[in-house]
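Since chain A is already given, all that's left is putting chain B on it; use the hints.
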Amino acid sequence: MSGHPTYQPQSPFMKWLEARLPIAGLVYTSFVAYPTPRNLNYWWTFGGILSFMLAVQILTGVVLAMHYTPHVNFAFDSVEHIMRDVNYGWLLRYLHSNGASMFFLAVYIHIARGMYYGSYKDPREVLWILGVIIFLLMIATGFMGYVLPWGQMSFWAATVITNLFSAIPLVGESIVTWLWGGYSVGNPTLNRFYSLHYLLPFVIAGVVVLHVWALHVAGQNNPAGIDAKSSKDTVAFTPYATIKDAFFLACFLVVFGWFVFYIPNYMGHPDNYIPANPSVTPTHIVPEWYYLPFYAILRAIPSKLGGVTMLLLSIVLLAFLPWLDTSKVRSATYRPLYRQFFWIFIAAVIGLGYLGSQPPEGGYVYAARILTAWYFIHLLIILPLLGYIETPKPLPKSISEAVLREGLPIGASGPVPARDKV
Amino acid sequence: MTGAVAAAGAVAALVPEIAQMNPDASTIAAGAPIEVDLTPIAEGQVIKVFWRGKPIFIDHRTKKDIEEARAVDWHILPDPQSDQSRVKEGKDQWLVLIGICTHLGCIPLAHQGDYDGWFCPCHGSQYDSSGRIRRGPAPANLALPPYEFVSDTKIRIG
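Protein sequence lines, in the order shown, are assigned to chains A and B.
My numbering numbers the first residue of the first sequence as 39 and each following residue consecutively.
My numbering numbers the first residue of the second sequence as 7 and each following residue consecutively.
These are calculated hints, taken from the structure and not from any lab test.
For every residue, glycine included, the Cβ atom is placed at its ideal position computed from N, Cα and C.
Incorrect hints may have been included.
SDA-like cross-link-like pairs, simulated, lysine to any residue; straight-line CA separation at most 25 Å [said to hold, decoys possible]: (1) B:K69 to B:A12; (2) B:K60 to A:V70; (3) B:K54 to A:V209; (4) B:K54 to A:V70; (5) A:K270 to A:H109; (6) B:K70 to B:L115; (7) B:K54 to A:P422; (8) B:K60 to A:H109; (9) B:K60 to A:V209; (10) B:K60 to A:G210; (11) B:K60 to A:Y232; (12) B:K54 to A:H322.
Per the computed footprint, the stretches of chain B lying under chain A, defined by three or more beta-carbons under 8 Å from a beta-carbon of chain A, are [said to hold, decoys possible]: (13) 27-37; (14) 66-72; (15) 109-120; (16) 143-157.
One side only, chain A facing chain B, incomplete, derived with CB under 8 Å [to be verified]: (17) W194; (18) K270; (19) V318; (20) T319; (21) T321; (22) W327; (23) P398; (24) V441; (25) E444; (26) G445; (27) P447.
Just chain B, with the same shape it has in the complex:
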């Protein structure tokens, strides 16, 4: 009984020791949503913005990019997802991605590799023009951040 109380006390004392390492209040506050104006982004251009310390790619895709992404049979891809499910309906030209390789966190380079998408210089993962993993060690497609269109030319990320 005494031992059980002492053990429970020891565990309780460990909670703050471990919890202090999680993101603090100021870090969480700084992670609020951001708004991005899309008008200056030309067709074929990819811009990089930062949200929660993560790079976010905003890709103004060309017709060719979209056609290529939709021509492939997505059911056989390593992480099967259709291009339609990765963009907002009616906004097919706007691809918004978290720009972090799903392998070990490097930043892939735009318009490189064999699939008109991204190439990660660290370990050679290749993503297509929908940000889906096509080749290399990465296990998953480039993640999509939570975002919505607040007008035709403006999105809110977060």
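The shape of chain A in the complex, shown without the other chains:
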């Protein structure tokens, strides 16, 4: 997308700096003059929200690390010390623990938006795969963070998840011993999880830079799913996208604040306020809510290796969406059949989440098997077939045609920006 204004340094200092490190120019072309499709809706604000949440997690995490002790004898007490003694420690910890939930809420909406509007299709495949990598890193980071308070749920989550690797034939047991640094989950395990939990967010930040880079090469997708063709199809990132992102971020923070200040333990488990005890497993262990759909898939398969394989596959398959979906049309707005299957898929994932929270008995297991089957049928059979049997609705000629009528935005009642008048 050429033709948008470039950065012209004004002051002598900025001219001097720009000749040596053109960072102001990079920021200007990427986040000020950068053309964004004019029809972006609020589902497109979650990328910004996710960047913000990553910053919140890193900031609160770094200060929590100043008060936390990664040792089996002191970890639980040091978390209570943060809650009771450290100035604002309760706030920092609740921001961090609820921040993880909000981070995952936002990433699930972000992923679902990408699936609905076909954001993974040509030319955004690499952008999408980088996103799946970020999601995998988030899962690992969130899991290791959950182990650190060293409560009962922490200990048994660490035990169950590391034991997933024991399903690998031949070398599984050796890998698990290597992960533990002992014959069972213990102090070496806690210590290395702490180290990695500190490291991985910065790895995520690095991959986010690549993700944003790939985004700015391909340009943003949009609700119509067609490419921007002229300057009439786009508006400048600043102020249009900036203010829209900022507004919805504020709305999102209201929800975040509500959890932190009114129901900070709503998404936690009471058992995690019992110190870790290697001799007793809690009667009903469940992971945090954001892992429940995958946990349900694991439990639905009546074989250890099979369950672990399907669990992994359910996430890794997402990286192959650009090739599993054979339709040339991106947006579900113009795909009448896909749109229905999309919502069935979302319902199946939410259903799996509910089943993952229930005990693994009777009807719950059978329901989980049906929904697990559907999860894979959708990705491996429905998506490839739809591209051949579906008749898409006619696409608009351009983004501006899709959202403007006689030069005015459809549904607009207020004054129109001067540049939009024909």
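Using the frame of chain A, we list chain B on its own:
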């Protein structure tokens, strides 16, 4: 050639980075054998001791437990093993097991489930009175730790 030397050097440099994660000398030293006195364990009682951070079940089985474990045709079990092969000869009443579910590592509960054995609360695996998997997602019987009788009433685990 230069590239091959550099690659070999890089691999050599990775060895300590990876090896440091395996159990260290103090962890291995703490994993030495332990001795357990069996006299206080009443018939029908299961005790739990720790060896290498793992719970070890010592089950003083009743006649009924042993008969049930031997009545079943073990060839058709998911992980076929006879009860005789899981205890020491002449010590049929003593069942010594690693108390870790072979599914994902939870600790099963004694005297529960449909087979007078163990029930795992995490994912519903059921073991019989010989610690053999009978139902549920676990792939194998409860493992046997290395142990031996040092006298009639004392065992050494490890």
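Here's how the hints hold up against the structure:
1. Among the hinted pairs, K69 of chain B with A12 of chain B is inconsistent with the structure: their alpha-carbon atoms are about 67 Å apart, more than 25 Å.
2. This hinted pair does not check out: K60 of chain B and V70 of chain A have alpha carbons roughly 59 Å apart, beyond 25 Å.
3. Restraint check for K54 of chain B and V209 of chain A: the C-alpha separation of about 28 Å exceeds 25 Å, so the hint is violated.
4. Of the supplied pair hints, the one linking K54 of chain B and V70 of chain A is violated, its CA atoms being roughly 66 Å apart against a limit of 25 Å.
5. Restraint check: the Cα-Cα separation between K270 of chain A and H109 of chain A comes to about 60 Å, which exceeds 25 Å; the hinted pair is violated.
6. For the proposed pair K70 of chain B and L115 of chain B, the alpha carbon gap of about 19 Å is at most 25 Å, so the pair holds.
7. Restraint check for K54 of chain B and P422 of chain A: not satisfied, since their Cα atoms lie roughly 54 Å apart, outside the 25 Å limit.
8. For the proposed pair K60 of chain B and H109 of chain A, the alpha carbon gap of about 19 Å is at most 25 Å, so the pair holds.
9. Note on K60 of chain B and V209 of chain A: the hinted pairing holds, with a Cα-Cα distance of about 20 Å set against a maximum of 25 Å.
10. Taken as a hint, the K60 of chain B and G210 of chain A pair is honoured in the structure, with Cα atoms around 18 Å apart against an allowance of 25 Å.
11. Restraint check for K60 of chain B and Y232 of chain A: the C-alpha separation of about 23 Å stays at or below 25 Å, so the hint holds.
12. Distance hint between K54 of chain B and H322 of chain A is fulfilled; the C-alpha atoms sit about 21 Å from each other, no more than 25 Å.
13. Evaluation of the coverage hint for the stretch 27-37 of chain B: fulfilled, as 6 residues show C-beta separations to chain A shorter than 8 Å, against a requirement of three.
14. A count of 0 residues in the stretch 66-72 of chain B with a Cβ less than 8 Å from any Cβ of chain A is obtained; the coverage claim is therefore unmet, three being the minimum.
15. Figure legend: the stretch 109-120 of chain B, annotated as covered by chain A; annotation consistent (5 residues with Cβ-Cβ distances under 8 Å, at least 3 required).
16. Under a criterion of three residues with beta carbons nearer than 8 Å to beta carbons of chain A, the stated coverage of the stretch 143-157 of chain B is upheld, 3 such residues being counted.
17. Given the 8 Å rule on beta carbons, the hint for W194 of chain A holds: about 7 Å separates it from the nearest Cβ of chain B.
18. For K270 of chain A, the suggested interface contact is broken, since its CB lies about 53 Å from the closest CB of chain B, more than 8 Å.
19. The restraint placing V318 of chain A at the interface with chain B holds, with a minimum CB-CB distance near 7 Å, inside the 8 Å limit.
20. Hint status for T319 of chain A relative to chain B: holds, with the closest Cβ pair at about 4 Å, below 8 Å.
21. Contact between T321 of chain A and chain B, as hinted, is supported at the beta carbon level, the nearest pair being about 5 Å apart and thus within 8 Å.
22. For W327 of chain A, the interface hint is violated, the least distance from its beta-carbon to any beta-carbon of chain B being 18 Å, above 8 Å.
23. With a least beta-carbon distance of about 5 Å to chain B, the hint placing P398 of chain A at the interface is held under the 8 Å criterion.
24. Among the interface hints, the one on V441 of chain A is violated; its C-beta lies about 51 Å from the nearest C-beta in chain B, farther than the 8 Å criterion.
25. Violation of the interface hint for E444 of chain A is found here, the shortest Cβ-Cβ separation to chain B being roughly 62 Å, above the 8 Å cut-off.
26. Using the Cβ-Cβ criterion of 8 Å, the hint placing G445 of chain A at the interface with chain B is not satisfied: the shortest such distance is roughly 62 Å.
27. For P447 of chain A, the interface hint is violated, since its Cβ never comes within 8 Å of a Cβ in chain B; the closest pair sits about 54 Å apart.
The structure fails hints 1, 2, 3, 4, 5, 7, 14, 18, 22, 24, 25, 26 and 27 (numbered hints given earlier, in ascending order).
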